[in-house]
Structures are given as structure tokens and as C-alpha cells.
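Asker: Now for the letters of each chain:
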Amino acid sequence: MSAVLKGMGIVWSEGGITFTAGIVSATNLSLPQSANFSRTSEKTDIKGNGGTVLGQVFHGFKKVLSLTVIPYHATTVAGAIVSRDAHVLKPGTTITVADASGTLMDDSYNLLSSKEGRTVDGVCTVDLEMETSDESVALTSAVT
Amino acid sequence: MLDLPQKLETAAKALIDGAGLITVFTGLSADEQVTPRAIVSAMTGREQPQGSGNFMVDLTVQVLSKADDSTIEEHRALCVSTIGLFMQDDVASQLSSIVPDFHVFGFTNRTHREVIEDRAWVTEFSAEFYCAGLVLV
Numbered sequence: 001m002s003a004v005l006k007g008m009g010i011v012w013s014e015g016g017i018t019f020t021a022g023i024v025s026a027t028n029l030s031l032p033q034s035a036n037f038s039r040t041s042e043k044t045d046i047k048g049n050g051g052t053v054l055g056q057v058f059h060g061f062k063k064v065l066s067l068t069v070i071p072y073h074a075t076t077v078a079g080a081i082v083s084r085d086a087h088v089l090k091p092g093t094t095i096t097v098a099d100a101s102g103t104l105m106d107d108s109y110n111l112l113s114s115k116e117g118r119t120v121d122g123v124c125t126v127d128l129e130m131e132t133s134d135e136s137v138a139l140t141s142a143v144t
Numbered sequence: 145m146l147d148l149p150q151k152l153e154t155a156a157k158a159l160i161d162g163a164g165l166i167t168v169f170t171g172l173s174a175d176e177q178v179t180p181r182a183i184v185s186a187m188t189g190r191e192q193p194q195g196s197g198n199f200m201v202d203l204t205v206q207v208l209s210k211a212d213d214s215t216i217e218e219h220r221a222l223c224v225s226t227i228g229l230f231m232q233d234d235v236a237s238q239l240s241s242i243v244p245d246f247h248v249f250g251f252t253n254r255t256h257r258e259v260i261e262d263r264a265w266v267t268e269f270s271a272e273f274y275c276a277g278l279v280l281v
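Protein sequences appear in the order of chains A and B. Residues in the first sequence are numbered from 1 upward in steps of one, following the numbering used here. Residues in the second sequence are numbered from 145 upward in steps of one, following the numbering used here.
Extracted from the complex, chain A is given alone in its bound form (with noise of 0.2 Å):
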């Protein structure tokens, strides 16, 4: 028995991502374009005499998220450029995220680089790299 196609469920776009500390969201706006996360760790071969890996062990879990924001204001081009300077930060500022969409990607993050970027045609827009633990154990805290 065949099937009509009628479609289905997808997600569609970036799914509503705010900033509640580090940027925040409500007095400083942007637009989400792309956003790319990734759960990652570091991974150690356990080794027979042989040479063959007969084990692995994975350490080191982290959420690493990649944005891309274009900041606005919802009235003025100075509100937007104070928009656009409170998302360019200091790497190591604590970024709190809040995905609409999920809560996998909710979480405080550290703040690896961000990058502004301006073209003679086009908006500005800000690249911003962050990472956390995906453990129990925070990872934005400064380490001393």
C-alpha cells in the first residue's frame, strides 16, 4: 500500500536563541543567522601488546556552540552600534544561552572569540565561539 507524501515535521530556522547573561538579549538586540553546536571530548585509546585498541576512554565532555548575530535596535542606528560593541567581548566573558527551541543548548558558556564583521554592501554581523563542560562540573569559572 503506498503512501501520499503530505510532509512532515521539521525544524525550521534557528529556533529563537537569546542571551540572558554576558550579552543580554533584552536591552541588547540581535538576529540569530546560523548557529552550530557540537558536543565534543577527548578520547584516549587503551592498547594491547599488539598495538590494538581494545578499549577507549572519553574525557573531557564539552557543548561547543558557534553563532552568527546580526545586532540591531529596534529604533535607532546608535542603539544598534551600542548593540553591535556589547556583542564583540572579551574572551572568557560568561555567555548564559537560551534556546526557544530546546535545552540542550541552554547553558552558561565561556566566551572563546568573537568576531565583527563589516562589509562595504552589507550589514555587520558577529561571529561568537563558545565552549562549556558537558559534565555535572561548571566550567565557567575562572581558572586561578
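No lab work stands behind these hints: they were computed from the structure. Computed from a predicted model, the values in this text were never measured in an experiment. Each hint should be verified, as a subset may be incorrect.
Listed next, with one range per pair, are the computed distances between beta-carbon atoms [to be verified]:
id: 1; chain 1: A; residue 1: Lys90; chain 2: B; residue 2: Gln232; range: 37 to 43 Å
id: 2; chain 1: A; residue 1: Val82; chain 2: B; residue 2: Val224; range: 29 to 35 Å
id: 3; chain 1: A; residue 1: Gly92; chain 2: B; residue 2: Arg254; range: 38 to 44 Å
id: 4; chain 1: B; residue 1: Asp234; chain 2: A; residue 2: Lys43; range: 18 to 24 Å
id: 5; chain 1: B; residue 1: Ser196; chain 2: A; residue 2: Thr44; range: 36 to 42 Å
id: 6; chain 1: B; residue 1: Thr252; chain 2: A; residue 2: Gly92; range: 47 to 53 Å
id: 7; chain 1: B; residue 1: Gly250; chain 2: A; residue 2: Ile81; range: 39 to 45 Å
id: 8; chain 1: A; residue 1: Lys43; chain 2: B; residue 2: Met231; range: 45 to 51 Å
id: 9; chain 1: A; residue 1: Ala98; chain 2: B; residue 2: Asp262; range: 32 to 38 Å
id: 10; chain 1: B; residue 1: Gly250; chain 2: A; residue 2: Gly50; range: 42 to 48 Å
id: 11; chain 1: A; residue 1: Thr75; chain 2: B; residue 2: Leu278; range: 36 to 42 Å
Chain A side only, calculated, beta carbon under 8 Å to chain B, not exhaustive [claimed, not checked]:
id: 12; residue: Leu5
id: 13; residue: Gly9
id: 14; residue: Ile10
id: 15; residue: Ser13
id: 16; residue: Gly15
id: 17; residue: Ile17
id: 18; residue: Phe37
id: 19; residue: Arg39
C-beta: ideal position from N, C-alpha, C; glycine also.
Using the hints, position chain B against chain A.
Answerer: Leaving out everything else, chain B in the frame of chain A:
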């Protein structure tokens, strides 16, 4: 589903009809054409991703007023009240709720064009709407 463009046309027509400001026709309507009028047409679409049944459907909304009967200012005000409905931030959910077994995820590539053709003001809005032929919550 091959009826997705018609569902989008029906939903878009109903959205404009709701304003009660202009007679709305759909793309291949045989009804007598009056002015001012809006023509809503969705003729083409592309399945995305392949094998899903979801389509990116091209929608065009054209508003036409006779230049002999109205000023450009009146025509533009009419466009704000009709085409402007597609600039609402919740237009996807509004369109989804109008037609049974229909869901609009969102839209992209909005364009706008205004010309004068045969002594008529013509303003055209188009966008690609990402649609599915079932109710999704």
C-alpha cells in the same frame, strides 16, 4: 502534496479578505476582475528536503488600482493594509490556522516591486513559504 500551492493561495486570500478592503482573486480564478483588486498566486514550489513532502512554495500577491480612479498615495495606502499583512511577525501561524491540514513553517526571500502598467498602479509582493500538507503542532 500537489495541492500545497492552492492551500497557500486560499490561506493568503483569506488573510487579505479579513481586512475587508479589497476584492481578492486567486491565481487561476475565472471570476470577473475588478479594480482595485488583489491577485494571490502560488504556481511553483520545490520539495525540500527531497522525499519529505514539504515544499518551498513561491507566493505572489499583486495589488492593482486604476490610475484613472485613484492616486498613487491611495494605492500605496491600500497596499500597506493588504500586502502589509504579510509583514506581520506571526504571518506563518496565521496562514497555518486558516486552512485544514496545512502548516507554514516560515518564509524567506521577501521581495517587493511597484510599477505602472497600462494606466494601473501595480504593486507586487512575493516570498517563498515553507509548507507542509498536514497539521503540525
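Asker: Compare the structure with each hint and give your call.
Answerer: Hints and how they fare:
1. A hinted range of 37 to 43 Å holds for the C-beta pair Lys90 (chain A) and Gln232 (chain B), which are about 39 Å apart.
2. Against the hinted window of 29 to 35 Å, the Cβ-Cβ separation of Val82 (chain A) and Val224 (chain B) comes to about 31 Å, which satisfies the hint.
3. Remark: the range hint 38 to 44 Å for Gly92 (chain A) to Arg254 (chain B) is upheld by a beta-carbon distance near 39 Å.
4. Judged by the Cβ atoms, the range 18 to 24 Å given for Asp234 (chain B) and Lys43 (chain A) is violated: they are separated by roughly 46 Å.
5. Range check, Ser196 (chain B) to Thr44 (chain A): about 40 Å between beta-carbon atoms, so the 36 to 42 Å window is met.
6. About 36 Å separates the C-beta atoms of Thr252 (chain B) and Gly92 (chain A), a value inconsistent with the hinted range of 47 to 53 Å.
7. Judged by the Cβ atoms, the range 39 to 45 Å given for Gly250 (chain B) and Ile81 (chain A) is violated: they are separated by roughly 29 Å.
8. Checked against the hint of 45 to 51 Å, the C-beta distance between Lys43 (chain A) and Met231 (chain B) comes to roughly 50 Å, which is consistent with it.
9. Roughly 53 Å separates the CB atoms of Ala98 (chain A) and Asp262 (chain B), a value that falls outside the hinted 32 to 38 Å.
10. In this structure the supplied range 42 to 48 Å is violated for Gly250 (chain B) paired with Gly50 (chain A), their Cβ-Cβ distance being about 56 Å.
11. Here the CB-CB span from Thr75 (chain A) to Leu278 (chain B) is close to 40 Å, well matched to the stated 36 to 42 Å.
12. Given the 8 Å rule on beta carbons, the hint for Leu5 (chain A) holds: about 3 Å separates it from the nearest Cβ of chain B.
13. The interface hint given for Gly9 (chain A) holds, since its Cβ lies 5 Å from the closest Cβ of chain B, which is under the 8 Å cut-off.
14. Proximity of Ile10 (chain A) to chain B holds as hinted, the smallest CB-CB distance being about 7 Å (cut-off 8 Å).
15. The restraint placing Ser13 (chain A) at the interface with chain B holds, with a minimum CB-CB distance near 5 Å, inside the 8 Å limit.
16. Taken as an interface hint, Gly15 (chain A) does not check out: its beta carbon lies about 11 Å from the nearest beta carbon of chain B, beyond 8 Å.
17. The beta carbon of Ile17 (chain A) comes no nearer than 15 Å to any beta carbon in chain B, farther than 8 Å, and the hint placing it at the interface is violated.
18. Because the smallest distance between the Cβ of Phe37 (chain A) and any Cβ of chain B comes to about 20 Å, over 8 Å, the interface hint for this residue is violated.
19. Evaluation of the Arg39 (chain A) hint against chain B yields a violated restraint, the C-beta minimum of about 24 Å exceeding 8 Å.
Of the numbered hints listed earlier, those contradicted by the structure are 4, 6, 7, 9, 10, 16, 17, 18, 19.
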